[in-house]
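J.: Residues per chain are reported as follows:
Protein chains: 2
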Amino acid sequence: MTKPLFKVSTPVEAIKVLKDHLDIQKIIQKNREIVNIKDSLHRVLAEEIISPCNLPGFNRSTMDGYAIRAEDSFGASESLPSYLKIIGEIKMGSKSEFKINPGEAVKISTGAMLPEGANAVIMLEYTVLIDDTTVELRRSVAPWENIVREDEDLKAGEVLLKEGYRLRPQDIGILAGIGKINIKVFKRPRVAIISTGNEIIPAQDEPQIGEIRDINLYTLGACVEEADGIPIYKGIIKDEVDLLEQEIRKTIKKDKVEVVIVSGGSSMGTRDITLEVLNKLGKPGVLIHGVSVRPGKPTIIAVANDKPIFGLPGHPVSSMIIFNLFVRPLISWLQGGDYNYNSDNPKEVKAELTCNVVSDSGREDYVRVFMYKEKGKFYAEPVLGKSGLISTMVRASGLIKIGLNIEGIEKGSKVMVKLFN
Amino acid sequence: MTKPLFKVSTPVEAIKVLKDHLDIQKIIQKNREIVNIKDSLHRVLAEEIISPCNLPGFNRSTMDGYAIRAEDSFGASESLPSYLKIIGEIKMGSKSEFKINPGEAVKISTGAMLPEGANAVIMLEYTVLIDDTTVELRRSVAPWENIVREDEDLKAGEVLLKEGYRLRPQDIGILAGIGKINIKVFKRPRVAIISTGNEIIPAQDEPQIGEIRDINLYTLGACVEEADGIPIYKGIIKDEVDLLEQEIRKTIKKDKVEVVIVSGGSSMGTRDITLEVLNKLGKPGVLIHGVSVRPGKPTIIAVANDKPIFGLPGHPVSSMIIFNLFVRPLISWLQGGDYNYNSDNPKEVKAELTCNVVSDSGREDYVRVFMYKEKGKFYAEPVLGKSGLISTMVRASGLIKIGLNIEGIEKGSKVMVKLFN
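Respectively, the protein sequence lines represent chains V and S. For the first sequence, our numbering gives the first residue as 1, with consecutive numbering after it. For the second sequence, our numbering gives the first residue as 1, with consecutive numbering after it.
Just so you know, the hints here were simulated from the structure itself, not pulled from any lab data. Incorrect hints may have been included.
Any copy will do: because identical chains look the same in the list, a pair fits if it lies in one copy or spans two.
Straight line, CA to CA, 27 Å or less: simulated DSSO-like cross-link-like pairs of lysine-lysine [said to hold, decoys possible]: (1) 91 <-> 297; (2) 418 <-> 184; (3) 162 <-> 187; (4) 377 <-> 350; (5) 187 <-> 375; (6) 350 <-> 375.
For reference, chain V alone in the conformation it holds in the complex:
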């Protein structure tokens, strides 16, 4: 176990400290449920799937034509065709009753079962029907041409999908193919979202001068949903230690949440309240206080009795960026995955930076950019504005990261834009 750090931490340090203080395997052990595969898109497998059977399970034609012995076609050409005797036609979806002997052929459709004795299918296009019982072959076919072998898609006993695997449409399809209709998946983690700040009012209310509607409740709720978690909207708590402590204890107990996010409190007084509460809830308490990320420095990460609790900055831009760096990976770990925002985010597009961007060394900078295409080329244009301005995120298409020890990026440089969904 690493000792809790009370200096500003790099994102990598923060992730490590959080992981060191959570027994993920123990937490997720009981977080499994059975779902029908129709409800399993983007869910994460909590069991290993071994194929119980071959797929397709029988040798299957991939073409309309004639099932034959490949040997009977060898040497056949338009100028020197071969002739075979048609002994019948295979019915779709049933066991072939035929057995093919040398010199014989059976009419077959795409998807039908290959008859005994046959080892190839010749396409209709390369044949001529001479009479009811005779077919002319104008080409040769190789053994097993135009056939899917009985275990070519899947072999019985093969490990098909592993625990921790996130299901895509084709994965759900192959589960249907082996008759696995109900599967064990990890429960989607429940994440409570609490806003703090005496100036914050519910979004449906009319603000008096000096008040501001709650934005973070909604952005963070939607971020939880995008991360495949379940947002539990808790609303606004006034800046008082007792109220905040009670609310967090209540949501952990009654809403059975796995994660708590407290956002807000960018001013010193309120930050101190969050810090005090996050240290009162259980062991080990606050692990991280401040990260070397801009925007997003005033971030608090705590663990209390195996429950991770985040104190995110109040500025809407900062809270979203910090969510992606720390909470989103955590939601993935809690489903048996190992997602890392910076290395596993595949939605990156290369673009040319349209102006110089400066950054301080010793700090990761996330710069909002608007991306556009001109003459087939992508450009990334920084969206300027303070991190309190949600409109800058609305105007932006994604973020570019400027690493810890880089002091800026010059206009014209190629950058990787991490796209928003």
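Chain V is fixed; fit chain S onto it per the hints.
T.: The following block gives chain S in isolation, referenced to the frame of chain V:
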């Protein structure tokens, strides 16, 4: 209106013909509904949003410190500080009662309202509290430094989001910020999925030899879900004209679907049945019969009384690829969007091809590839196998497209991989 084509069409032609025969604007006119913004992630706006107010609505401090007149700090430094009289502290979330005169300062927290007369905030770090009523300034601040102006995030009357816009977390946040809790969105299109083929059995059943479980129902259902549509699972219909016709008429009427997908029928006989039925259901009938795409050539696209109906190939790989090319964009159009799989799919990653891939000119080829990273570089390795093998899609990370008039791509070339979700 273009005349229906009964030759093999390029994907671009097929999209054009489909669009020419559907009055999308008329169809979507009535497909609007009101939802709470908490339920609006990735939904598409069916109204224009104009900001009814300024955001934040008052001049707001972005720092903890003192609200002052910037002029009173000019020239201040550590060696030659200025001194101001503290006349009070602003309460968070309420209208400032103070009016600042020359030589005066008011204590202020991040997020609080700037008092009248002040035009800047000096950070706490650059001040020293001398006594209860005197603060020393050790730096100068510029006018409006550390302040978000009342309309800096949003101006009243500004068009914020347009009709047809797909909502991300930050967009939902800004709607909360202006108090717009309920919004008009396009309904998610309902898409019926029907499988055909006498060899196909329900996935929960045990196949007899020659039979095969229904895979496409599940892959296509999940694809509809990924495209933000609502899948209506109809199951398997035997290969008979009357049965298929009845089923499609029933699902259009009773399930109120906007789109019908019939998959299967890769053999000549069953293809003919789908073709016959799709021509019987209403005007104009079948528009496209065959597309120059591999895999996926035997594709049928029809419109009957303003309902688009697709006859997708039975092979699981082909049906998914054709779905992405034609059905997925259509689901986007039916929500007021204008998505195009080939130009609007941002989830592309550049990779190096690990072996030669050949393709025929005059046909778009979609090659399944497995992507891996080695020494920080992405490689795309073609996944070989027939289009009837769903396992090839499970092994693949995405697709590379080989354009109509390209005859192949050499090993070592840079390719763009369209990632699966």
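J.: Against which earlier hints does the structure fall short, listed by number upward?
T.: Hints 2 and 5 not satisfied by this model.
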